[in-house]
Structures are given as C-alpha cells and as structure tokens.
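J.: Below, each chain spelled out in residue letters.
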Amino acid sequence: MSRPFPYTFISCPCADTPVPDPARKRRSRESPQKQSPQKPAPRPSTSEGEKKGLAAGQQEDEDDEQTFDPRSPRSDFSLYPPEQLLYCEECHQIKCSRCITEEIVSWYCPSCLFETPSSMVRSDGNRCGRNCFNCPVCTAPLAVSTIENATGNGTQQGPWVLSCGYCLWTTLDIGIKFDKPTNIRSQLQKMTDATPPAAFDRSRQASRTLESLKHPLSSAASVEEHARDRDVDQPTPKEDPAAPPMSTDARFAALKNFYRAQIAETSNSPNDHLSSDFGFSSPGALNRLMSLYTSSSRLGGLYGGSKKAKSKPPVMREALTASEGLCIAPKNGEADIIARLASPECGWEGVASLEQRAAQSPDARFVEDLLPLPVLLRTKRAKRCKSCKHILVKPETKPQSTRFRIRLIALSYIPLPTLCPLAFSSSSSLPTMAPTPDLDSLVPLRPIHVLLTLKNHMFDPVRITLATPPVTPGRVATKVTVLSPQFEIGANSDVWDEALQGASAPLSSDSKSAGLGQRGVPEAGKVWDKGRNWTTVVLEVVPGTLPGSSAEGGDGNPETTDEDVVAVAASKKDEDVLEIPVFVHMDWDADAQLDQQNLGKSSRADDKVTRELAYWMVLGVGRIQASL
Amino acid sequence: MAGDTSPINASKRTSATSSLRHSQTTRPASPHTPQQQIRSGSTSFASNTSPSSSFRSEDDAIIFEIGARWLRAGFEGNSTPACVVGFGPEDSRRAGDYRGWIQGSAGAARLPQPIAAEEWAQSHELWRLDSREVDLGLVEDKIERAVRETYNQFLLTDAGTTRLVLVLPSLMPHPLLSSLLSTLFSRWRFSSVTLLSSATMSATAAGLRSALVVDLGWAETTATAIYEYREISTKKTTRAMKHLMQETGRLLTGLASNTEDNAGTADEISVGLAYCEEIASRFSWCKSKNYEESSNKFNQTLAIPSPANPEQEYMDVPFLRFAEPTEKVLLASGIPEHEMDDEERSLPLLVYNTLLSLPPDARGTCMARIVFVGGGSRIPGLRQRVLDEVSSMIDRHGWSPIRGKALERQRERLEQLKLSSQRASSQPEVPKGNGEAASPDTPLPDPPEIDFVEQKLRRQNRDTPVPVQGVLREIESLGPWAGASLTTTLKIRGMVEIEREKFLQHGLAGATRDIDHPVPDRRSGLRSGGDRSSWTLAGWA
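Protein chains in written order, with UniProt numbering: chain X, 1 to 628; chain P, 1 to 541.
Watch out, some of these pointers could steer you wrong.
Here are the simulated BS3-like cross-link-like pairs (lysine-lysine), alpha carbons at most 25 angstroms apart as the crow flies [to be verified]: (1) X/K389 to P/K502; (2) P/K289 to X/K331; (3) P/K491 to X/K256; (4) X/K190 to X/K180; (5) X/K256 to X/K190; (6) X/K526 to X/K479; (7) X/K190 to X/K177; (8) P/K502 to P/K491; (9) P/K405 to P/K418; (10) X/K331 to P/K491; (11) X/K455 to X/K389; (12) P/K328 to P/K289.
A few chain X residues facing chain P, derived, Cβ under 8 angstroms [to be verified]: (13) R74; (14) E103; (15) E318.
These aren't lab readings, by the way, just hints derived from the structure by calculation.
Glycine included, every Cβ here is placed at the ideal spot set by N, Cα and C.
With the sequences and hints as input, model every part of the structure.
T.: What follows is the structure, encoded as structure tokens:
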C-alpha cells in the first residue's frame, strides 16, 4: 500500500527498454540468433532475466508475453502516480523522471526564498549563505534570538544565539554566541575554523623552508645549514602532542599543500613549465623558471652547479609531520570516548544518531559535536525529453513564483484513471447509502465490483483497450475480469459546444440514458457509465486467499493465527495488498499539426494522424483480509 | 593488484613507460634525452589546443564513492563529501509513496515476524559481491535513482556536464562494474569516468605512499598492502559490518525476547535493521586488550530504546554487552585459529597474514603505516585492539607462518642453547627478520652487521628523512573519498579513464587486457603513436 485505497499508478514505458549494456550488445551481435534490440520488449522483472549469454535471444521472445508484475522490486522504480508523469509531444510518449534530463534554472533557499546567483552556489557549499540554519538535532529551522530578551524593546543587544523553536536546542549548548544578528554563516565559519589558521601558517612555513632548501640559487652552505636544521628537527616531528587534533578541513588543506609542494619540487625539470597544470603562482614556479637557466645549460653541468640535481630526480616523499597532514593515531585515544559513552551523563540522547551525523563532519560522535546546518539550497529545474531534447517543463526563474512557462504533464494526454468500489446493493435507490466494501479488509473469494473511470483530457475522442492478466501475479492469486475491455472516451470538447449542440450530441444523450438504465447489474460487454469525456467500466475482482490463512482452507497449522498471516504478508512487501496490473492501449486520430486543435477542424479528416500509446497501469484496490 | 597506481609519483619513477602512461601532465621522468624534450614541447602545444578534457575539467569534477550500502558524493577539492545517500528500503519506495514519513522509516520499529539474518540485511544493500545473487536490473535502477537524487538534492549542478570520478573497491565483479558504468553513461552524458581504487585513495588521504589499508566495509573487511601507490597484496575476511550488525540484531532480539517470552530460532532477527544500526553506530565498542573481566569498569547500565517497542519504551542494558558483538564477530575471540576458514579470519589475523605475505622491505614499511577506514573503524577501541593483538602475535611467532608443537619444542631447545639470538628475532624492530624464526639456528652476530651500502646511502641523502620502519603504527586517513578529492584537485589523472564513446561501443569488453598497455594520453594528441582507441581497466580487469 503506497497511498490510501483505492489508488492508481502508471508504469512509465521507459522501464521496458533496458539499460543498454554495450558488452551485451556486442556479444549478441556475435551470437547467431540476432534479435532486434531496438524493439522495446518488456524487461524481465525478476532476477531470472539477468542470465546473460546464449539464452538472451529466446528470452526476448518470452518477454513479449510477460505481464507487468507490480510486486517485483524493480517495478517500484518505474511506477509513478499519474500526476507526476510528463508527456513529450515530439516523441508522443510518456516521460518519467528517468527518461528526462534536467537543467537547473535557478538556485534558491527554501527558507528565505532568496535566489542565489550561480556563481555563489558552489562557494557557499550549496547551502544558504544568510541566516538560515536548521537545527542539527531535530532539523527544524533555527531562529536568531538574543540572550537577554527582557532588555529595552528598541535596541536589542547581543550576544545572539541560534535557537530551535521545536526542541529548544540553542547554540549555547555547544558554546557558540554571535556578536551580530547578521551574517551568521560567516561568523560561524570563523568560529569553527578557529584552529586551522595556525596549522595553515605552519604548513606554509614548512613548505617555504623546503622551497628555499631546494632553491637552486641558494648557496651550498645554506643548504647544509638547512639540512642540519632539519636533522635537528627530525627527532621531534610530532610537534607538541598536546595540540588539539586538526579538523578534517585543516588536515585536508595541509595534505593538499603538501602534495602541491611535493609535485612542484619533484617536477623541477626545465621543460614542463608550460604543460604543467600549476600556474606561476604555485610555489614551485619560480624554482622551475630559475632552473631553466641553470640546469638545462650544459655549462652548468660542467661547472658542477647543478650536478646533483641532474644525477638523480628528486623523490617525492610522504607526509612526515602534522603540518603536512600526517596524523598518527593517538595511543589509547579512544579510551576516553568509551568512558564517555559509558558515563551516565551521556546516555542515549548524548550520542548523535545516524541521521544527525549524516550532514556533519565525519568526526562528530556526540550531540555536542553537532553544528547548526545552513539550509540546503533548492533548485528550479527545466526538464527536457532525454531522446529528443524537447522542453517538457520550464518553470519561472523567480523562487517566489510557482508558475511554469511550459509544463507538459501527462494527464493532459493520457486518460486519468480513477477507481471506486461499487456499492454492494446495486438495487438501492440511494447510492450514497449503499454499503461499499471496506477496501482495507477485502474478504477473500468474495467477488466485488470496482468501477474504473477513465477521463480524457484531449480534444480528440480516444479508443481504449484494457487488458489484465486473468490472475494477478504473485502468491495471492486474484481473479480479475474487465467486463468491457474495449470502449471509447469522448473528446474533451468545450463544455459550451456541447451545450449549444444540444441533443444532437450523441454522446451526452447516450450517457444520460445509458447511465440511468445501466445503474443496475454490471453486465459483460457493456460500459457502465459514460459522460462527455469520461467512461466508466466495471472490473470484477475475486480476491485471492493469503497463503497459509484460514480462508485458504489449509488450516493445517493451527498455531499460526490469521493475524500472523497478515503480519507476514504485510512484511513481505505488502503481499496482502491487491494490486491489479492493467495494460492500457489507446489510439486516437490527432491533427497532424498539433497546435490548431481548438479551431474545430473536424471537417477535414485528411490531415488526421492515428496515434497510439500503450502502457501498464497498476490499480491498488485494497487489502485482503486473512479470514473469510 | 599492481595495476592501479596513482600517478603522483610518476615523475620520480625511473621506468620510462610507467611514467608515460601515468603522467597526464607529461612530466618526463628523465628530461635529459633529446627525444623527450621534443615530445614535451609538442605536449605543451597540444595542451593549449586540444579541445578535449583540459578545458572541460575547468569545472570541478564530481566524485562518487559507491559501496554496498552508501553512496558518497561531492565536488573535488572538498574535504568531505556533500552527501551520503543510502540504498535502503526507504530509498527504493515508489514515487509518491510517503509511508516512510507517515509511519516512520521501515526498520525502525520492531519487525512483525522474525526473519533470517541474511535476508534481513539484504534489503539494505545495493549489491553483494556474489553477482550470481544480484538482480542487475534492480542495481541499475537503484544507482540511477540514487545518482539522480544526489544531483538534484545535494550537488545542485546539471548532471553529466562535468567529469566523473568513481572510487571503487579494487575487486569489483565485472557484471556489477559493467552495469554501473552503462547506467551512468547511458543515462547521462558523462564525457568520461575515471576509476580510482579506494585503498590507494585511503593511503593518499593519509599522506602516505605505502600503507596497509584495512577497510572495515559492509560485506567484507579487506586488508590491502600498498607500496609506492601500488596494491601489492589483498586479503579479505567476511568478518565485517554486516556480520556485526546481524550479531547486534541477535543480541537485541535476545533482549527483546527476554522481556516478552517469545523465543525465536537462533538465526532469526526480530528487530529492524535501522534500529539495530542506530544502536550499533552509537554504542558498539571494543574492549582493550588488557581489559580485566573482573574489574567493574564498564558495568553501568545504559538506557536504550527497548528492542521490543523502540518507539515508546526504554530498557536498561549493561554497557558491557555492546562490546560483545565486536568481540565475537570482528575479533573472533574464543575461536582457535585453525577452526576458522580462510575467508573468516579475525581482523588481527587478517592484518598479520597480509603483512606476512609481503616481502620484508614492504612489510617493514607497511606495518608502520596501518590505516583503518570504513564504517567499522569508527568503533571506539577497535583499531587499538587490533594493533595490540597483531603486536602480540608478532611477539609470539615472529614473522613466520609455521606453527605447531614441534616448532615450540625446537624453539625451546634452541632457547636453551642461545638465548640472545632468540630474543633478537622476536623483537618487532627487525622487520627483515622473517628468516630467523623459521630457521633460528643461524646465529646472529650480536652487534648487527654494518651495512656499508646502507650507510653510504644514508650519508648521501642526509636531508631526506629516514622513513619510519618496522614498528606497528597507525596513521589516520581522511578516507577514500577525501583521497580521491585530493588526487583530482591536484589534476592527477587516474590510470583507468573510460571515455564515453569507447565504452558505448564495446562496453567493458573494449578494455585491453594488457596490463602494461599505455593509457592514451589525451593531452599529447599530436604525438601519440600508440593506438589511442584502446583503454585499460588496469586493476579492475
């Protein structure tokens, strides 16, 4: 059960065209039995369809016969509520989110509805750069408030905090106060990056000394001196162990600088200064430029100026100190974490949950480590058909506007299916009073009638053919019969047209008389009801029995009660939910030129084109109960 | 395993071919031969005119790390991924199915019926490594949806416009790799996909060139020895997070049934996986090696949401019990070594065996650079415990695969004869001494032999620091994703770079099997003599 009963889903036809595996294609090209891979064959729904190789050929034949199984795990990815589907007018095909491509029109913050210019999006880390924050504990939006609320009304004085109106979390819990109520994001950034600058400086210094060390113009004496310095330094590479461990960002930056420096140093060959990806701003640039004049000249080699550099290309080394990004795990560093976990003041609430940690720094473990999260930006996206690049949806750029410039939703093209159960006592004169079957507990083996109404939104009448498998796939075998599988739905003509034409319109008179006359017993081959642009047919459904339930008549196992059976069925991907796959085939005569339908060109039948569309639809009827 | 190397070190490698195929920036390894000078001249020219990737890569590449449970995605140059997306049942719902929001996510509540442990975990994984059991179509569906959602919700750029870097474990079944790549290529217009191996990237993110990367993943724990960015040995064990989760599930099921008197069978779990994972991620811990059972150190109880009814009730559980699954699953304490199958060695054994299989030089380097990554490395105390166990194993056996009573007897005899030599061989400071334990009767001279070559080398490069060798040491890594982000920012191209057209033509079958095949160097378009149409899968082949 995905929605309240009854519901309808439509399977996008793109599910029938499998992802082309080029290797598979090649293999089948080599194999003698050649199949046309272009023909969209229904995708094998279960794993058995995945056996590649020789069987592929025969399988495709069988696949054509295969009915859509709403229970297969793959169908969850191809079924959509009808209102979520789009329609491409060029390809004349239903388009789901899998068979479109998207282009971002604008970025905006869902909280403050400010549009973010595209140049700022990346630098802000895809999050709102203003004062919009979400609570790290409960994800509710945070409000900027002052600590001393009671002071004078006009001038509210800081310090300021972010506070959650839902769970009452404030940034005071993690010891953060703000000086100003504006630009909280950058203030927060400064506070959380308090340690890195030092590390940065250190690493930059280190790389600078290395640079001067390797500098070809530096005198030999200084090189020696430096080397000695390094030797002195070497025994204490761990720096001060008391220093707090670097944050992830700082370590990353340190590592990056280190690798940059290493690559620049080790690639001091004179030739590649142009092809190198590092601009002249990189620390090694000057080095390389200088070595142009020294090492490449043969004279330099003669006079031994850069003999050493020539004899051996410099070796890139690994990071050695914390300032270069190396982080040696502290001995017993996790003992205090364990102690803290075990301590009574931590408890269940003190440790961050998986969900809370998801967007936080990977080191965060306790609730105190969580930082307020700037609101993630959202986008407005234009959508194009993947195959023909036709624009399907184009929203307006402004975040405040909910309008669309172009929006080709599928419901304007395919009939909207709606489902409702038919009252038991069809003879009742008051249809509203008639008891309808409870869809949440359908009695197995007792036939019910379901009314399926298809409503046409096109300006052309549509011929529909419905097909269902006689028995639904899966372990619960429900018998389904469409009483009138072939019918026609009238055009969505102007309501006034119909009224003006009066009784001459055959459809409306038909619908009135038929509607009254047929409100009795559902009959095979007869449409139940019909209106201007809609038609209702009856489906007869005999719900199957849940395996192992008492209704099945097994009752061999007295221990399993029907509640158990229902529970088991519900846990196994809603086995007790009655879903009917229906294959819909529709064809209609459309105008050749698409845009002039409104002008009433029904006189000239020459420029009509017959179009057809076929897709699977899933009707969720109800839940089958276990007992009779 | 030697195939995948990241080209950071390309310039220093002496072999010309290897540097040619790695360095996208074409830094000549030995810039002194005239031929290479000409070549690099043309390279710089080509790089200015070639319309291909050099301009495209102005946009930041997108990095995906895909595992069995999670997808991490983000931009190059960031230290952490922008998002982590799961593949659980909540993420496989139909469009328009909002039950996860209405009734709470699946798996948070108690299961109506206990189910088998294997099936219990299955719905949460994207794939399993045994590709016979995998519905590839479903995998494709899941990947497609996860990537699409990631782009729409977190990355907020147009999908397919920038280069894509995939961080994958180096052992991937080809059907999975193929469906992953064909999904990406056929759904979006990625111009090229670069594959990077997660172990090497973990080492890179630790600032190391050689390391023993222990990846405590979902389905299996892998220990990969990396030497100069090359994977030289991999061993794996199934003692990983999935088993840990199942064991935690059994523990919680036991706790639930105690209160409810509803005994299920041994291998069935009646609590939801999401709930179980929540507990495990918060409170799993590992005892230290010298933890005394008698000490009442962690005897306090802890209130957790009751496994019988997680939504409403709390239940007191002794904190010690949360260490039980770790102890049992990952460390296999209480199970003698010979009873474990090859694929289910405990973590200390895995680390030890991987080190043992290395050549002595590499072993000495790698054992001083052990890197733990993966979800399991978050379990507090585990890493230290594994290292302690390994260290005690080295103390006991030295570097020798030989075990048994006869050896013990011989050793005792020898010990009586020569105490000093025995001591020397068992000290971990001598990483090259794997010969000693096996044949300890070759007497060692008491002052270690002075190696003249070594000394001379030392004297020569006094300014280059002596690498730490031969001690067990753990280095922290930022993780494979950060490593790939680093590597990509530094404009280093991976060895496996799959281009769209070539893949769409032939699929994985189009890759050359030739390990030494030079990767087409796109920046040197004018020069390239070799056939540029071929590409390699390197380590993934």
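J.: Hints first: check each against the structure and report whether it holds.
T.: Hints and how they fare:
1. X/K389 to P/K502: 23 angstroms, holds
2. P/K289 to X/K331: 13 angstroms, holds
3. P/K491 to X/K256: 12 angstroms, holds
4. X/K190 to X/K180: With Cα atoms ~13 angstroms apart, X/K190 and X/K180 stay inside 25 angstroms; holds.
5. X/K256 to X/K190: Holds, because 21 angstroms separates the two Cα atoms, which is no more than 25 angstroms.
6. X/K526 to X/K479: 19 angstroms, holds
7. X/K190 to X/K177: 12 angstroms, holds
8. P/K502 to P/K491: Given that 25 angstroms is the threshold and the Cα spacing comes to 22 angstroms, the pair holds.
9. P/K405 to P/K418: Given that 25 angstroms is the threshold and the Cα spacing comes to 19 angstroms, the pair holds.
10. X/K331 to P/K491: With a Cα-Cα distance of about 35 angstroms, the restraint between X/K331 and P/K491 is violated, given a limit of 25 angstroms.
11. X/K455 to X/K389: 29 angstroms, violated
12. P/K328 to P/K289: It holds: about 14 angstroms lies between the C-alpha atoms, which stays within 25 angstroms.
13. R74: 5 angstroms, holds
14. E103: 6 angstroms, holds
15. E318: Holds: closest Cβ of chain P sits about 5 angstroms from X/E318, inside 8 angstroms.
In terms of the numbered hints stated before, the structure departs from hints 10, 11, listed from lowest to highest.
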